[in-house]
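**Student:** Here are the chains, one letter per residue:
Protein chains: 2
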Amino acid sequence: MSLSDAADVDRAAIQRTTAQLLAAVNDSDVEGCAAVWAVNAVLMPPHHPAVSGQPAITQYFRGLFSRTAFRFTFTSSGIRLAGDSAFECVTYTATIRPNGGAPPIDDIGKGLHVYERQQDGSWKLTLDIWNSDRAIPS
Amino acid sequence: MSLSDAADVDRAAIQRTTAQLLAAVNDSDVEGCAAVWAVNAVLMPPHHPAVSGQPAITQYFRGLFSRTAFRFTFTSSGIRLAGDSAFECVTYTATIRPNGGAPPIDDIGKGLHVYERQQDGSWKLTLDIWNSDRAIPS
Numbered sequence: 016m017s018l019s020d021a022a023d024v025d026r027a028a029i030q031r032t033t034a035q036l037l038a039a040v041n042d043s044d045v046e047g048c049a050a051v052w053a054v055n056a057v058l059m060p061p062h063h064p065a066v067s068g069q070p071a072i073t074q075y076f077r078g079l080f081s082r083t084a085f086r087f088t089f090t091s092s093g094i095r096l097a098g099d100s101a102f103e104c105v106t107y108t109a110t111i112r113p114n115g116g117a118p119p120i121d122d123i124g125k126g127l128h129v130y131e132r133q134q135d136g137s138w139k140l141t142l143d144i145w146n147s148d149r150a151i152p153s
Numbered sequence: 016m017s018l019s020d021a022a023d024v025d026r027a028a029i030q031r032t033t034a035q036l037l038a039a040v041n042d043s044d045v046e047g048c049a050a051v052w053a054v055n056a057v058l059m060p061p062h063h064p065a066v067s068g069q070p071a072i073t074q075y076f077r078g079l080f081s082r083t084a085f086r087f088t089f090t091s092s093g094i095r096l097a098g099d100s101a102f103e104c105v106t107y108t109a110t111i112r113p114n115g116g117a118p119p120i121d122d123i124g125k126g127l128h129v130y131e132r133q134q135d136g137s138w139k140l141t142l143d144i145w146n147s148d149r150a151i152p153s
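Protein sequence lines, in the order shown, are assigned to chains A and B. One gets our numbering by counting positions in the first sequence from 1 and adding 15 to each. One gets our numbering by counting positions in the second sequence from 1 and adding 15 to each.
Note that these hints are calculated values from the structure, not bench results. Hints should not be assumed to be uniformly reliable.
[Stated by the list, open to error] Simulated restraints on C-beta separations:
no.: 1; chain 1: A; residue 1: R149; chain 2: B; residue 2: T83; range: 17 to 23 Å
no.: 2; chain 1: A; residue 1: T90; chain 2: B; residue 2: G93; range: 42 to 48 Å
no.: 3; chain 1: B; residue 1: G93; chain 2: A; residue 2: E46; range: 24 to 30 Å
no.: 4; chain 1: A; residue 1: S92; chain 2: B; residue 2: S92; range: 23 to 29 Å
no.: 5; chain 1: A; residue 1: P119; chain 2: B; residue 2: Q30; range: 39 to 45 Å
no.: 6; chain 1: A; residue 1: G47; chain 2: B; residue 2: D20; range: 39 to 45 Å
no.: 7; chain 1: A; residue 1: D135; chain 2: B; residue 2: S67; range: 33 to 39 Å
no.: 8; chain 1: B; residue 1: D20; chain 2: A; residue 2: T90; range: 42 to 48 Å
no.: 9; chain 1: A; residue 1: R77; chain 2: B; residue 2: A34; range: 38 to 44 Å
no.: 10; chain 1: B; residue 1: A38; chain 2: A; residue 2: T83; range: 36 to 42 Å
no.: 11; chain 1: B; residue 1: P113; chain 2: A; residue 2: P118; range: 27 to 33 Å
Just so it is clear, CB atoms sit at the ideal spot from N, CA and C, and this is done for glycine as well.
Take the sequences, apply the hints, and build the full model.
**Tutor:** In structure tokens:
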């Protein structure tokens, strides 16, 4: 396999992991979310302290989905490979629907995923940070 | 030079670039800020659309410093090297002081810097995203 073929395989594997995360978030699927993270990953949500380690990340999503349903779309993605690491810049749109009937909130923003190649050849998320483009209401 | 020596040299160069950015932000020094960015870098500030390219980033800092003074401290830093790329996870505290006398705002948060080795051997910022740990006031 040539170097460029290998890079295409890596990109495709990363895209599958991103798609798996997106589907799991939109399905409020805690186990599906947990599956994409490396054991020592760090989730860096806006307006919340960092969440360190796959068990804490799983717990974070469980709490989140008990309060809120999401409809995320990644509107662009750029992947850069760097050895056994990879960076993906994304832009997103999202509808955030609080359980209990409060009005949904539309959001638009951007994020950065860092992936690492695992011993079994799969790619898992090791860092995830994002923020909104919208001004904070004054 | 051994591989680990080379890694130490890279880490030290990245730390110098981070320190240069921090000093420039705290001095409201637009040219100092501009100097740390790669030409095609992307700045991803919270509650603002992404800012693409060194000229737009320079303009962004010029506008920002005309309205606001900052006192940032990086309270932790973890650097991981990946070939000619590197990423640095930071935590920060900040005091944001609007010009014109409005009360200062204290912030605490986290961020992710991506660096790339340049042709001249220096390391420049290519991506910078951060967000606050503080809940949005309801």
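**Student:** Would you pick out the hints that fail for this structure and give their numbers low to high?
**Tutor:** 2
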